[in-house]
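For chain A, the structure is supplied; the task is to place chain B on it using the hints.
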Amino acid sequence: MKTIITILLIAVGFHANAQDKFFTRNGTITFFSTTPVEDIKAENFGVTAILDTKTGNLEFSLLMKSFNFKKALMQEHFNENYVESDAFPKSTFSGTIINLPDVNFEKEGEYPAKVKGELMIHGQTREIMVDGTIEVTSEGVVLSSEFPVSPADYEIEIPSVVEDKIAKQILVTVNTELEPLKR
Amino acid sequence: MKKFILIGLVVALGAAIAGYFYVQQPVASIADDPAYGTYSSEALYTYFEEDEAKATEELTGKVLEVSGEIAEVLVNSDSSTTVVLRSAHPIFGVKCRYEPSATDLNVEVGEMISIKGVCTGMTADVEMNQCVNLNRKS
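Protein sequences appear in the order of chains A and B.
Residues 1 to 183 in my numbering are what the first sequence spells out, letter by letter.
Residues 1 to 138 in my numbering are what the second sequence spells out, letter by letter.
Worth flagging that the hints you see were computed from the coordinates, not collected in a lab.
Take the hints with a grain of salt, since some may be wrong.
[Unchecked claim] Stretches of chain B that chain A covers, calculated by requiring three or more beta carbons in the stretch to come under 8 Å of a beta carbon on chain A:
1) 70-81
2) 101-112
[As the list claims (entries may be wrong)] No more than 25 Å apart at the CA atoms, straight line, and that leaves these computed lysine-lysine pairs for DSS-like:
3) A:Lys-70 x B:Lys-62
4) A:Lys-41 x A:Lys-90
5) B:Lys-62 x A:Lys-71
6) A:Lys-71 x A:Lys-107
7) B:Lys-62 x A:Lys-90
[To be verified] Simulated DEER-style distance windows between Cβ atoms:
8) B:Glu-58 x A:Phe-105: 34 to 44 Å
9) B:Asp-33 x A:Thr-55: 18 to 28 Å
10) A:Asn-81 x B:Ala-16: 21 to 31 Å
11) B:Val-10 x A:Glu-127: 53 to 63 Å
12) A:Lys-182 x B:Asp-33: 30 to 40 Å
13) A:Glu-106 x B:Ser-77: 19 to 29 Å
14) A:Lys-41 x B:Ser-29: 16 to 26 Å
15) B:Ser-79 x A:Thr-137: 16 to 26 Å
16) A:Thr-55 x B:Leu-105: 37 to 47 Å
17) A:Ser-94 x B:Thr-103: 29 to 39 Å
18) A:Asn-104 x B:Leu-105: 35 to 45 Å
Beta carbons: idealized from backbone N, C-alpha and C, even for Gly.
For reference, chain A alone in the conformation it holds in the complex (with noise of 0.2 Å):
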């Protein structure tokens, strides 16, 4: 992902025009698991994403250390336990907007999205499609969706003893604003 976003970076640097490419480092992507037991939410302010509006190619990455928790052993159980953060430090999403033509990147407003993917978590990668919203600002645009992901599907083993407090569906809420690269 680093080099991903890195190579494009130097390509808007020299060659491309900066007003296609929109930016953030500290995005927000959280997600929340509801369980007649209990609730969990946690939260990433760190979020890295870069979009190009021309060809609607849209890169997000996190480090799964930087969710924040309420209670500091949820937070050391997520990270030791489930998603094994030491050996799968990030997760990441490389895609697209595939309903394009829909969204005036031009016109301030809010457009709906379908962006198709490929989700990494835990070292497994799906490939996944979301509905979202992209709202165009004076100051850039706005990302946002809400979209269920199974620990399952990405190998993430919650053992028998807490699964009733871990929902078989999370909820992940990505709200993430980016403005215009600058050079």
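Positioned in the frame of chain A, the structure of chain B alone reads:
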């Protein structure tokens, strides 16, 4: 016999209360934790850039002290602040996020600053969380 049952109940109740508070503990501040290492932001970024796997294995999860020039000040969606310390890279550096409770930071672009925080690895920037300011060098 009743006495033993009563003692057993008191012990069980004490264990349950202790367990409850243990489970409910918030993430502890690292303000008083000793630093594993001290780096300039240039040196830390370069260390990760040159061998990310090695740096990740060695430094992720560790409390580090990092000094450098503030290249950017960002306000996050929870109103917490992130500063980006400059590296040799033209765009990326060391990204340090303070807790939302840190409201009186008065950090400015161009200022030299020393920060302590937990290193969480590298995406495009090297990342630090739970950051606190140390002495300022301006």
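Numbers of the earlier hints that this structure fails to satisfy, in rising order = 2, 6, 9
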